[in-house]
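Please work from the sequences and hints to get the whole structure.
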Amino acid sequence: VLQSVQSMSLSVSPAQTAAWRKQIFEQLSERSKREMDNFRHYEQAIEQVNSEKLSDHKECLSLDIHLLFGLNSSLSWQSVWVKKGPMQWWRDWKPHKWIDVHFALEQFSGAEGDKDGILFIYYNYNEEKKYLHAFINEVTILVPVLNNSKHTFAMYTPERIKQRWPIRLAAATELEMYDWLALLSVCCCDSRGIHGPPSKQAIWSITCKGDIFVSEPSSALEAMPYPTPCDQMFWRQVGGHLRLVDCNSLGIVWGIGYDHTAWVYSGGYGGGFFQGLASSTDNIYTQTDVKSVHIYENQRWNPVTGYTNRC
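Going by our numbering, the letters in the sequence shown line up with residues 1 to 311, in that order.
Read the hints as simulated data drawn from the structure, not as lab findings. Quick caveat, the model's predicted, so the values are computed rather than measured. Be aware that one or more of the hints could be misleading.
Using 16 Å as the maximum straight-line C-alpha spacing, the simulated EDC-like pairs for lysine to aspartate or glutamate come out as follows [stated by the list, open to error]:
hint, residue 1, residue 2
1, K83, E176
2, K209, D289
3, K200, D246
4, K162, D231
5, K150, D100
6, K130, D179
7, K129, D100
8, K150, E174
9, K83, D179
10, K84, D100
11, K291, D246
12, K200, E176
13, K115, E138
14, K162, E138
15, K84, D179
16, K150, E176
17, K115, D190
18, K291, E216
19, K84, E176
20, K209, E138
So this is what it looks like as structure tokens:
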């Protein structure tokens, strides 16, 4: 057997080995061009970073993930994925205006399935590159904001609630805004271990716009003598539109729409702009609601010029 193996190895000449290597290299180059090079002009939506490159990735951000999150040194993140995109950010100081920024969401997954993340907003100020960041586990609510010219939403943390200074972002299209809202909401729920429909003890509320939000109570919410402040409660959005909502400890939730129609909660979650894993497939039904806004203008009649809005 040894002699036959030696005879087989000697039967392959160096010229044949070189030709074989050249053929393999040409096939790999052709595959790379077919599957990668022809698509390099597309914007990269998600960047995958494995655990071996995680340390280099942290150095590029000039941030130490373990230091930022205050994690135990024995805990290490197994994978990181990044979603980037152009946005506009409302700079709430002089000059107050919308500026173009680069928005990035980084989510980290641990070996035991735990997840967390950071939001980054990169912008230029006086020709100097700067950034803002917010921890996913500190975000308390993501709220769509009504704006006539932009597709905007606001992001709150406990500190920004006290300062009345939310992070306001605007997407290029309504679809893009809802995609970001759904993704950020899922990441916030993942960091807190919240999945599935609201519990029977959940607290329900609505915004002045009619969007529905729900918060899961914790044992620390009513702990004495130091209960959890209400500005630290986390609220997640549920599809639907109501003028009033009411609930009890038995899990019965109902509300009234702006057209005076009564609606009862069916037990699902998600809905609206939430799709895929962020929404249940059962107990999701179509809701219609109409909110009418009447605008009255006080005008004065002038014998010469007729009606005018000037007094």
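Evaluation of the provided hints:
1. With a CA separation close to 13 Å, the supplied pair K83 and E176 stays within the 16 Å bound.
2. Taking the CA atoms of K209 and D289, the gap is about 12 Å. The hint holds against a cut of 16 Å.
3. Distance restraint check for K200 and D246: the Cα-Cα separation of roughly 12 Å lies within the 16 Å cut-off, and the hinted pair is therefore satisfied.
4. For a cut-off of 16 Å, the pair hint linking K162 to D231 stands: about 8 Å separates their Cα positions.
5. For the proposed pair K150 and D100, the alpha carbon gap of about 13 Å is at most 16 Å, so the pair holds.
6. At roughly 26 Å between alpha-carbon atoms, K130 and D179 are farther apart than 16 Å, so this suggested pair is violated.
7. Proposed proximity of K129 and D100 is supported: the alpha carbons are some 12 Å apart, at most 16 Å.
8. A distance of roughly 9 Å separates the Cα atoms of K150 and E174; the hinted pair therefore holds under the 16 Å criterion.
9. Only pairs whose Cα atoms come within 16 Å are accepted, and K83 paired with D179 is accepted, the gap being roughly 12 Å.
10. Distance hint between K84 and D100 is fulfilled; the C-alpha atoms sit about 14 Å from each other, no more than 16 Å.
11. This hinted pair does not check out: K291 and D246 have alpha carbons roughly 19 Å apart, beyond 16 Å.
12. At roughly 33 Å between alpha-carbon atoms, K200 and E176 are farther apart than 16 Å, so this suggested pair is violated.
13. Only pairs whose Cα atoms come within 16 Å are accepted, and K115 paired with E138 is accepted, the gap being roughly 13 Å.
14. This hinted pair checks out: K162 and E138 have alpha carbons roughly 14 Å apart, not beyond 16 Å.
15. With a CA separation close to 12 Å, the supplied pair K84 and D179 stays within the 16 Å bound.
16. Restraint check for K150 and E176: satisfied, since their Cα atoms lie roughly 12 Å apart, inside the 16 Å limit.
17. About 6 Å separates the Cα atoms of K115 and D190, which keeps this hinted pair within 16 Å; it holds.
18. In summary, the hint linking K291 to E216 is not supported, as the alpha carbons are separated by about 28 Å, beyond the 16 Å threshold.
19. For the proposed pair K84 and E176, the alpha carbon gap of about 12 Å is at most 16 Å, so the pair holds.
20. Of the supplied pair hints, the one linking K209 and E138 is violated, its CA atoms being roughly 24 Å apart against a limit of 16 Å.
Hint violations for this structure: numbers 6, 11, 12, 18 and 20, all remaining hints satisfied.
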